[in-house]
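Chemist: Chains R, V and Y: place on chain D using the hints.
So you can see what is in the structure, the chains are spelled out below.
4 protein chains.
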Amino acid sequence: MAGNTFGKIFKLTTFGESHGKAIGGIIDGCPAGLEIDFDFIRDELDRRKPGQSALTTQRKESDNVEFLSGIFEGKTTGTPIAFLIWNEDRDSKDYDHLKEVYRPSHADFTFEQKYGVRDHRGGGRSSARETAARVAGGAFAKLLLQREAIKITAFVSQIGNVILNKDYKYFDIKTIESSPVRCPDKDTSDRMVKLIEKVKSEGDTIGGVISCFIQGVPAGLGEPVFDKLQADLAKAMLSINAAKGFEYGSGFRAAQMKGSEHNDLFEKAGDKIVTKTNYSGGIQGGISNGQDIYFRVAFKPVATLMMDQETVNKKGEKVILKGRGRHDVCVVPRAVPIVEAMAALVMADFYLRNEIKI
Amino acid sequence: MAGNTFGKIFKLTTFGESHGKAIGGIIDGCPAGLEIDFDFIRDELDRRKPGQSALTTQRKESDNVEFLSGIFEGKTTGTPIAFLIWNEDRDSKDYDHLKEVYRPSHADFTFEQKYGVRDHRGGGRSSARETAARVAGGAFAKLLLQREAIKITAFVSQIGNVILNKDYKYFDIKTIESSPVRCPDKDTSDRMVKLIEKVKSEGDTIGGVISCFIQGVPAGLGEPVFDKLQADLAKAMLSINAAKGFEYGSGFRAAQMKGSEHNDLFEKAGDKIVTKTNYSGGIQGGISNGQDIYFRVAFKPVATLMMDQETVNKKGEKVILKGRGRHDVCVVPRAVPIVEAMAALVMADFYLRNEIKI
Amino acid sequence: MAGNTFGKIFKLTTFGESHGKAIGGIIDGCPAGLEIDFDFIRDELDRRKPGQSALTTQRKESDNVEFLSGIFEGKTTGTPIAFLIWNEDRDSKDYDHLKEVYRPSHADFTFEQKYGVRDHRGGGRSSARETAARVAGGAFAKLLLQREAIKITAFVSQIGNVILNKDYKYFDIKTIESSPVRCPDKDTSDRMVKLIEKVKSEGDTIGGVISCFIQGVPAGLGEPVFDKLQADLAKAMLSINAAKGFEYGSGFRAAQMKGSEHNDLFEKAGDKIVTKTNYSGGIQGGISNGQDIYFRVAFKPVATLMMDQETVNKKGEKVILKGRGRHDVCVVPRAVPIVEAMAALVMADFYLRNEIKI
Amino acid sequence: MAGNTFGKIFKLTTFGESHGKAIGGIIDGCPAGLEIDFDFIRDELDRRKPGQSALTTQRKESDNVEFLSGIFEGKTTGTPIAFLIWNEDRDSKDYDHLKEVYRPSHADFTFEQKYGVRDHRGGGRSSARETAARVAGGAFAKLLLQREAIKITAFVSQIGNVILNKDYKYFDIKTIESSPVRCPDKDTSDRMVKLIEKVKSEGDTIGGVISCFIQGVPAGLGEPVFDKLQADLAKAMLSINAAKGFEYGSGFRAAQMKGSEHNDLFEKAGDKIVTKTNYSGGIQGGISNGQDIYFRVAFKPVATLMMDQETVNKKGEKVILKGRGRHDVCVVPRAVPIVEAMAALVMADFYLRNEIKI
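Chains as they are written, first to last, in the numbering used here: chain D, 80 to 437; chain R, 80 to 437; chain V, 80 to 437; chain Y, 80 to 437.
Here chain D stands alone, though its shape is the one from the complex:
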């Protein structure tokens, strides 16, 4: 049973291989009457696009989204919104040397084990190119959430051993996009850039962490048992290529804490009930409590290296995989809009899933 659909009410189904004709998707369940800001959608896709700086892959992708349905006179009609992004710059001959080889820590081997066949060109369906469709879908989710004043912001908080140690509250959000690595602290950003350049010169790659916070979420979104808000966020994040870990609120740090430190005491602020601290990360019992939701996602280093690697071919024979092609040294800055898009899909879905009050 295939798994190319995300969401239960606000549903995104994506399709496409990196070197097929096109990638794209269908958004089903977006309410009618939503005004579409096409510039915003293009901007979101541009944020994910390769070639944004010397630090990222120079593969040229125009990533222009073409909408085929579900929009009439600038508004959603309530029917499925199909969109596609044509694949250009796709010389599949570039990949002939991969036809018989399993690249280390890629999905070549596992796809073949699962399906018996695989489209070996550029990773096919397992390519991160698929995430462009997520960003497009997430842009619609963001437009829906904006109406409810729910705002999602992600940034890079770690690359290699360069770690941003300050809380998201102490930054100017607007500086995120001006950093080449999407880190809102100038000094840390500079050190991250330097690290990436060094790693690049070695033909190597490096991992990192993205932090994300969601503001303006009303209390009451989420479900108490299996579909806890944090559970669906975790699934959304771990479904992103290269993601290795997820924590929300106090996260792994909670393991070391005592209840008397960790409990978020309630108090009244104006006519709202709030918590004094927010180790809960805005969620209690799987349901939002009105405080900021925040979480962190760990990413592994890119598996494609500019150096030789030992591996095997289909017959199990030892072969040397040469480093070549155009690839990111660190995918984390470009994954920022993907993290936001997936978070937006989760939040839009829970917003629409919320029970009718009777």
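Note that these hints are calculated values from the structure, not bench results.
Here are the simulated DSS-like cross-link-like pairs (lysine-lysine), alpha carbons at most 30 Å apart as the crow flies:
1) Y:K351 / V:K397
2) Y:K393 / V:K355
3) R:K355 / D:K277
4) Y:K279 / Y:K401
Modeler: Leaving out everything else, chains R, V and Y in the frame of chain D:
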């Protein structure tokens, strides 16, 4: 849209509040002809049961499962397996003082925001008692997986600042259950016990980490995009009460690693293709690669304390919540079978979801 | 992939075999705060119960529903509502003679082909006893719909060749329940009774038709493509044991009609837009138009006869199946509350599925 | 919650409005390795295409399917198959007169009630043009079923009062496609053609019935309770535009039958257990029994007439709707491949849903 069902083909739906008549569930999609080992199911539930040692809550629950359907002459029939566990020892008067009060870091406030009403007795639906139904469901999943020689083992690898620093491969699995905290290293286990006793004497609680590994998984389970194997595992784990983080394979450590360190090189071992290292945690591109799957789950400290806490009541007035009742100081040892059960549900589902090969 | 759940938001999952311990179900997705009229639920179940008159099977079933969860202080809490009905009067020895035999037009043979095993006692899961759980679930749906003034009424419009030829508008609804065959026309009802008695005296059984109409449905419920309102009603009805056909509005008669006869012209009535005729059966393009929804469901004769029948056993050997046991001659009158229950489940689901207007 | 996806494992999601840029769909869950016969797919679409004879609408649609993903070197890869059909010949000015008017027995009024907005051009999403995507999806399902020797055949058995009174077994299947109305009996076909011509000359339209039979279905497909094989077939058929009724096996005739007539007695034929008669329509208890599955679907007359009709505009004012445009007099012959496609989607889904035997 409620979320009380887990799984797409092997589906578990749970019901029940901690102080209602009963909790239980329905397993739908378990294949026909599976032989049921009722002793095994009872043992699994016993592992989760409170009152197993002086370290855990003394609430008496017999947790006897009664099966109502779907089993005939000791085997599954392919029809829904309904089961229930009657709630005994449920004096709801114990909870009258909580009717108007929001306990810190519990789900009282969020349930009320979501539903308008709540069953205030013992946490109602948000009580960890619900997880007994998961353990029962997971036991069926384990029986199914056993036939395929897939084995799931979890243990406690951290409580507070007491951390087990050795890899799961260096332990004797059999010692897990003989440790009162389910930690397979005698010395670490002893220090954990001491820490819990100390915390208990302070009226406080403490968090921890559970590690889990899955052996015998064939290559090819999982889905490449949204339903990646690790994504569903992450969702499963974050759906457990008090879970705060999930990482698999290299996890958050991957953020600090270079590709040349992290890549798992393929080699041939006998007639199988394996990897020399396993930073991938047995999963590449969302699909199992035949190596061990392993992951870690962080748990926050229990929110119910044996000390006074400030909070507010429904009107937003400041009140003091007195510490009382019978509660775990550290829920992590008892969460071990729950982690295993949720992992088993994920693996059984992916096993059955696997495409027919044509 | 099993199919024991009905509905997408208002979901009913049923379980149980006719001669297992109990049958029952879980309703997930019923909004919180719905006041439960327990007498109403019992009355609904009593309408389906066997032994209501000399015309129906004398199997004694108390059919008392026991609620296990999801209700607190007389109202739904938004969490799953589990309920069960214990099976009494279940002497499985009655069925030993069926262990090796395939009863004609029963599900014995197909269950065995599908599952390899079967619970042969009284039809097991394929027994119409399962529908008691549907009636219980449907009662909750009805309670929800009542708040919106949506009312569902079914009655018997044909048994054998005795046909009620008048439209539902010309009857007094209240007379349905006073007829032993649930036919609101005294004369037709009498003739139906006579026919059933005659058929019974022959040891035979007879089919029939149930008509149903739904009043008070607002315009705008349903979905335009695959989940058309009539499509889900058709599925709901054909999922009832012994149902053989479904038609709504003009139904099969439409095949003989011209567009100029069949089109329902719009007109203004007060401040509402209505149609002059209602061949559309209250649905256009899969979405309710505010007029009455009405449909008919055909039922085959009961397959269990009080006469000898030729059949085969598991080995394919010819055997004679003796007529014995307690069985309905005509199941149609008792299916009336089942038709209503399934219609209520569909309508409650579409009511909750309706998009948030933005 | 939108309903643009059909199927649970073999899933088709469609998109597109009649006068948008394109229509199309995504097939998710088609197994890998299926060889694609592109000519067959084009032929299937040609069967549905308008303009096949003087009897059908002359709207020119090339209906060329463009495949975007999921196929590599002529075979499916197991990933989503996206396809689209560009809309040509779409002069939306043709529809300006419908912007403010509700056409009788069309979905204009109900879409507006549901969504607040509507794409008024040619029916938008409610146009039968959407069914081209179903035929494309169904073609893949047919290719999958062919491998299992499951064959689906539909034909026209009634138009207006011209009724084909012989069973499907007495016809030469090959003659279906040579009849301009897809009726395999030459004489009946001629009378149907004459009737359609007469109705056309009156500016009117006419309804009809399609019969369908499925051969080669192994025993054991289907689910016993809500997802009975006939229930999903009923839903599939009633989801087709203009469908008004569904019956399978004995259908509505069963209402008049006695059990002793209707029961299908088992017997052994060679080494298979078969039934002597087939009133069950190949399904018992929701599960296929190995005999032919057959059913009938009623269609109403096309709602667009070549004559004036009274209706109202958005303000509720009386207006006269002029007959104009290019429309089918009788949609039934063109609906034959749609009935087959929907049946194929159901059968492919149940084939893949069938439980793993352990």
